[in-house]
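Participant: Chain residues, written in single-letter form:
Number of protein chains: 2
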Amino acid sequence: MTHVTKQHVSILDRGLHYGDGLFETMLVCAGQIPLLAGHQRRLAEGLRRLAIDADEPDIWKQVEQQALSVGEGSLKLMLTRGEGPRGYLPSTQSIPGIYILPYPSDSKSASNLQQSWIVRFCTTPASLNPALAGLKSLNRLDSVLARMEWQDARIHEGLLADMHGNLIEGTRSNLFCVTNGRILTPLLDQAGVAGVVRHWVMDHFKVEQVRLDRATLLAADEIFMTNSLMGLAAVRQIESHSFPAPGPVTAEIRQKFMEVIA
Amino acid sequence: MTHVTKQHVSILDRGLHYGDGLFETMLVCAGQIPLLAGHQRRLAEGLRRLAIDADEPDIWKQVEQQALSVGEGSLKLMLTRGEGPRGYLPSTQSIPGIYILPYPSDSKSASNLQQSWIVRFCTTPASLNPALAGLKSLNRLDSVLARMEWQDARIHEGLLADMHGNLIEGTRSNLFCVTNGRILTPLLDQAGVAGVVRHWVMDHFKVEQVRLDRATLLAADEIFMTNSLMGLAAVRQIESHSFPAPGPVTAEIRQKFMEVIA
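Taken in order, these protein sequences are the chains called D and U. In short: position in the first sequence from 1, add 2, done, that's the working numbering. In short: position in the second sequence from 1, add 2, done, that's the working numbering.
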């Protein structure tokens, strides 16, 4: 199977009709993708769960070539199930659609990795579906509607909870808090996107996945959020509540993360 | 604002990136769309809830022109928020993408409206999100995964429940049952697509919207499912349970519906 990176999308592509596909947004530093293995693992898991048969080595070869062209910045890969006949049942003959968007930057990509954020709570709920939870799929309307809730450019991120009040994630980031030395992050077994930096943090530090409500979050000693392009953003404020940014645990994790990027 | 019906989709279209858009699938009989007002009402409601600003009279003019060309068959309209900059926040300058796919048929469209179905239960849950419930949005991965659960061509439809076990809908249809003369259909306040034929049935008959579990469904006297292209499909079998198809209430509703189509 060969894939062609395309600039236009067929009107029959199931990525458009149903959001039937996946994506990865990747930091590029000096022509390399620092978290490449994490993105590869997540895409592989998504392909398996959606039962999309793609030539992964070929796709990653194309992505790595594009990263060399970008130099500093980021890349977005979208992978769809490709064209299909009418209706929800895919053809077994579909050839996946591969779309790679380069975003070169003027400055060193790593310069973006020391942010501190002001965060709000969103009223749009995160979609609950154990069959889709954790996937970085093209079904992202919950994040879109949540992000549309504010225009104030001083606010960096909004938090989504599910309809039962369990905090899940930010519109474009995962959530962690530190409480009495314990590092907590929401369970993503029913909703949310399992981020690559989130996975990295869980691989390198002891993290407990929990159901997390607003009160527990606001009582935390430190809060940080993770995203492939931002690394660890220390949260300095959520609505009227202030937090050290970064707190000591956040600073320690970020320090170790910066060594990966370097 | 002018819309151009396009055959190719920009790689920057948010319909592809996020499923940020809506669709309508419409029956066409003798060049006309019998349920036009219902499709118009649902699209308007979806545009309002997603805060997409589109020139609806112009869109429907294009759709009606295409219906004349189709003659007998169906049309699919997809409407996206259009191109945008990076990230979930839409541009206020976006021009919606309008995509109209014609599906002419060899036979009279109305000949499809007397089906009886064999139905199964799916294990893929319907996504729960009150902010998206009822919308016919381009986020349809739950229906895709549910439809992929069976290959047996004798089975016409699969039923989705939410993760709490409340039945919601079929992969491409809404669900009704008749129990002791009462017509019941699942509440779609937390999940599901509010179909145009479902709306028509509720406008013309007394229907109770309820939380419906499997046991209640299987104990029903009659079951039918609705869809714009099929009208009312009488369910004759769900797994090992048989039902009259059509039962008397289903037959009465279908009779009245056929008068609309004629």
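These are computed hints drawn from the structure, not numbers from a lab. Warning: the hint list may mix true and false statements.
If chains are identical, the list can't say which one is meant, so a pair holds when it fits in one copy or spans any two.
[Stated by the list, open to error] Dumping the calculated SDA-like pairs for lysine to any residue here, alpha-carbon to alpha-carbon at most 25 angstroms:
id, residue 1, residue 2
1, Lys138, Ala53
2, Lys258, His10
3, Lys138, Gly86
4, Lys78, Arg88
5, Lys138, Asp164
6, Lys78, Ile97
7, Lys78, Leu14
8, Lys63, Asp215
9, Lys258, His206
10, Lys110, Gly89
11, Lys78, Arg213
Participant: Confirm or reject each hint.
Facilitator: Hints, verified against the model:
| no. | hint | in the structure |
| --- | --- | --- |
| 1 | Lys138 x Ala53 | both (14 angstroms within a copy, 24 angstroms between copies) |
| 2 | Lys258 x His10 | neither (40 angstroms within a copy, 45 angstroms between copies) |
| 3 | Lys138 x Gly86 | both (21 angstroms within a copy, 19 angstroms between copies) |
| 4 | Lys78 x Arg88 | between (28 angstroms within a copy, 10 angstroms between copies) |
| 5 | Lys138 x Asp164 | both (17 angstroms within a copy, 21 angstroms between copies) |
| 6 | Lys78 x Ile97 | both (20 angstroms within a copy, 23 angstroms between copies) |
| 7 | Lys78 x Leu14 | both (21 angstroms within a copy, 11 angstroms between copies) |
| 8 | Lys63 x Asp215 | neither (42 angstroms within a copy, 49 angstroms between copies) |
| 9 | Lys258 x His206 | within (9 angstroms within a copy, 65 angstroms between copies) |
| 10 | Lys110 x Gly89 | between (45 angstroms within a copy, 20 angstroms between copies) |
| 11 | Lys78 x Arg213 | neither (30 angstroms within a copy, 41 angstroms between copies) |
In terms of the numbered hints stated before, the structure departs from hints 2, 8, 11, listed from lowest to highest.
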